[in-house]
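Chemist: So the protein lines, in turn, are chains G and H. Heads up, the first sequence is in my numbering, so the first residue is 1 and it goes up one at a time. Heads up, the second sequence is in my numbering, so the first residue is 1 and it goes up one at a time.
In short, the hints are calculated from the structure, not lab data. Quick caveat, the model's predicted, so the values are computed rather than measured. Heads up, some of the hints might be wrong.
[To be verified] Covered by chain H, per the in silico footprint, the following chain G stretches (three or more residues, Cβ under 8 angstroms): (1) 29 to 42; (2) 236 to 247.
[To be verified] Residues of chain G clear of chain H, computed beta-carbon distances all greater than 10 angstroms: (3) Leu24; (4) Pro86; (5) Ile89; (6) Lys94; (7) Ser95; (8) Thr152; (9) Val194; (10) Ala204; (11) Ala208; (12) Thr212; (13) Val297; (14) Thr386.
Heads up, the beta-carbon is just placed ideally off N, CA and C, and yes, glycines get one too.
Single-letter residue listing:
Number of protein chains: 2
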Amino acid sequence: MHIFFAASIEPATKILLALFLMLLAAKLAAELFERLRQPAVVGEILAGVIIGPSVLGLVAPSEFVSMLAEVGVIFLLFTVGLETKPSSIFRVGKSAALVAVMGIVLPFIGGWLLMRAWGSTNITSLFVGTALVATSVGITARVLASLHLLNTPVARIILGAAVIDDILGLLVLSVVSSSSAGTINYWEIGTTAVLAIGFIAFVALIGARVVTRVAPRIHNLRISDSLFIAGLVLCLGLAVAVSFIGVAAIIGAFLAGMTLAEATKGDERLHTQTSGVMEFLVPFFLVNIGMQLQLSVFRDWSLVWLALAVTLVALVTKLIGCAAGVWSLGMKRAAQVGVGMMPRGEVGIVVAQIGLSLGVIDARIYAVVLFMAVATTLIAPPLLITLVKADVSR
Amino acid sequence: MHIFFAASIEPATKILLALFLMLLAAKLAAELFERLRQPAVVGEILAGVIIGPSVLGLVAPSEFVSMLAEVGVIFLLFTVGLETKPSSIFRVGKSAALVAVMGIVLPFIGGWLLMRAWGSTNITSLFVGTALVATSVGITARVLASLHLLNTPVARIILGAAVIDDILGLLVLSVVSSSSAGTINYWEIGTTAVLAIGFIAFVALIGARVVTRVAPRIHNLRISDSLFIAGLVLCLGLAVAVSFIGVAAIIGAFLAGMTLAEATKGDERLHTQTSGVMEFLVPFFLVNIGMQLQLSVFRDWSLVWLALAVTLVALVTKLIGCAAGVWSLGMKRAAQVGVGMMPRGEVGIVVAQIGLSLGVIDARIYAVVLFMAVATTLIAPPLLITLVKADVSR
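Starting from the given sequences, assemble the full structure and let the hints guide the process.
Modeler: Shown next, in the form of structure tokens:
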């Protein structure tokens with residue numbers, strides 16, 4: 001019983017309307033793209049571009065939608081984690097680490113050099129380099145899941161590399177951010193590194209064993225769907241825990257899923273319930289990425305060229321860096337890993353937001369970084385699908 | 001890759017922490033209450049009281065949490081709608097209408113008289129009366145669903161009455177609100193009434209037939225889980241549509257579920273996916289109700305007595321009014337309907353918020369109405385379960 005005063009629409013109604021429009025647009029675009037044999041994720045992100053401020057302006061990004069998007073990608077990675085046994089990631093640990101390191105060094109240097117050449121200050125250039133480091137594994141995971149390819153070596157290397165990439169990216173961001181403030185606190189950065197690596201290693205190594213032992217007891221609880229509920233609690237709990245260290249919440253959600261993978265294997269109901277939450281929330285994540293795009297600054301043509309150059313550097317350096325890390329798998333697989341690590345998505349957007357708030361990049365460079373984040377996220381899925389299909393059909 | 005600056009916690013992390021604490025507290029309380037053979041909903045609301053500002057102050061109500069709670073109760077009613085065929089509601093239409101009307105008249109007069117006797121102004125008294133009119137059907141639906149009793153005549157009467165109750169409550173609120181501004185716009189209130197009744201009748205009568213005809217086509221779409229997705233879109237769409245008229249969003253969600261009931265019967269996957277979203281979001285709805293409670297004003301003892309008196313009037317008038325509407329079903333069933341209509345929950349809270357924003361009730365009366373809303377919501381479930389069990393065992 002909310003009252004309707006002629007002219008003014010209630011805030012709650014506005015938000016519901018935004019959710020309705022986002023979901024409708026996302027799914028219409030997804031259907032269209034599926035029919036055109038193009039990846040649905042790309043359609044959903046483009047739906048965000050179209051209904052967002054850049055084109056139609058039907059829906060503006062809001063705090064609520066951003067947060068719902070965050071919960072959406074958390075669930076996406078939780079679902080992916082549920083399909084991933086920790087041991088399968090450990091087995092590819094060395095390759096994943098190489099991919100992560102190479103996939104950080106090259107984009108960072110590439111971004112920095114490009115911005116220096118364009119005439120930016122050193123700190124701005126370092127920050128753009130940092131934004132190019134970020135990898136948004138959610139997009140790739142979604143594509144691989146839709147192709148039922150989460151259990152391949154390529155997928156495991158990408159997932160493992162994404163975890164390591166996030167930790168290393170965090171450290172790069174810490175160094176660059178604190179150097180923008182004038183002094184680098186090595187002690188703090190060191191503790192962050194030790195904490196992040198220690199916590200993630202601890203959960204990955206011990207978590208699954210603990211959960212597998214506790215799961216039967218959770219099954220016996222009186223509340224209905226107790227294991228599903230416990231999974232949700234663990235997912236949110238680890239997402240919060242890693243956030244406190246500074247690691248992305250999605251890494252915690254992925255870890256939570258992974259520790260539950262063994263205990264929930266074959267639990268059809270739990271998997272279907274999780275997929276329900278995921279299917280509901282992930283479109284908001286994808287549409288929200290598209291809505292971030294700010295095209296209005298691109299009336300200045302020199303900025304268009306810069307955006308295209310930054311995007312090209314982002315694509316090429318990540319591809320070469322990551323592919324070099326797993327060259328031993330053969331060129332095709334190496335290319336798949338490289339393309340899979342390309343999307344910068346929401347992680348690149350977050351780095352850009354931090355840069356803007358610290359004052360080390362201005363609104364124009366911010367728009368350039370957003371363009372790069374959205375463009376890499378749109379380009380990677382069709383490339384990945386083409387490469388995977390070529391590989392399968394061989 | 002969110003950066004962690006020693007002292008300051010990121011807003012996103014704060015919200016995730018709030019979600020984690022709310023879900024954990026809700027489910028621990030639910031488990032405890034199940035073991036004590038008490039209704040889980042009561043445990044989850046009390047969890048909100050305990051972690052909220054009134055007791056521990058661990059989590060403060062926020063816009064994000066309130067909105068997530070709103071989406072949660074929308075899904076709850078959508079799920080309930082999925083179990084409800086429109087024809088089964090139409091069959092009890094006359095009883096439901098009688099229950100709704102009687103359940104509005106008595107509480108309104110009761111609340112108004114009590115507040116006049118306490119010495120409040122006429123407009124404040126009218127507003128408290130209006131708050132006593134509200135019925136939060138979500139709580140009762142949750143209890144009946146957990147007892148697998150949604151397909152009983154009692155449940156259908158309660159659901160039908162809740163829809164009518166909401167429309168009538170809207171009109172009462174319109175009259176009282178506009179009279180607080182000095183002039184009553186009968187034309188506007190008339191159009192609102194016609195729109196609300198017309199739209200709901202139209203959807204209820206035509207909706208199911210349209211959906212049943214369109215459903216096979218939706219099944220053939222390329223996107224995965226297309227019927228589930230279409231259901232979500234319809235749910236949000238109708239929730240928005242009725243909100244524009246001024247009716248509660250949950251009524252739209254209930255209608256959406258009802259129109260889909262026939263088309264989705266036996267679709268196990270869709271029902272499980274919907275239940276996943278519901279199980280995830282409903283705890284936030286319940287905990288958020290508990291968190292609204294403001295106990296600090298009750299250091300003033302006269303206010304404690306007023307809160308208890310208002311609650312008592314709210315309980316007794318709703319019980320007698322609604323039970324009188326279905327006296328023909330026999331005392332036991334009539335009492336079940338009456339108790340099922342008792343909870344004021346989030347609807348009462350919304351009315352109180354409107355009253356506060358219009359300046360017709362002060363912070364003290366606001367706290368009294370909140371107390372009534374939470375207390376009626378806590379008292380009804382155990383009463384309902386006792387009555388239902390006594391009826392079944394007879």
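Chemist: Against each hint, give a clear statement of whether it holds in the structure.
Modeler: The hints, checked one at a time:
no.: 1; hint: 29 to 42; in the structure: holds (count 5)
no.: 2; hint: 236 to 247; in the structure: holds (count 9)
no.: 3; hint: Leu24; in the structure: violated (5 angstroms)
no.: 4; hint: Pro86; in the structure: holds (22 angstroms)
no.: 5; hint: Ile89; in the structure: holds (19 angstroms)
no.: 6; hint: Lys94; in the structure: holds (23 angstroms)
no.: 7; hint: Ser95; in the structure: holds (22 angstroms)
no.: 8; hint: Thr152; in the structure: holds (20 angstroms)
no.: 9; hint: Val194; in the structure: holds (14 angstroms)
no.: 10; hint: Ala204; in the structure: holds (18 angstroms)
no.: 11; hint: Ala208; in the structure: holds (21 angstroms)
no.: 12; hint: Thr212; in the structure: holds (21 angstroms)
no.: 13; hint: Val297; in the structure: holds (24 angstroms)
no.: 14; hint: Thr386; in the structure: holds (19 angstroms)
In this structure, only the earlier hint numbered 3 is contradicted, and the remaining ones agree with it.
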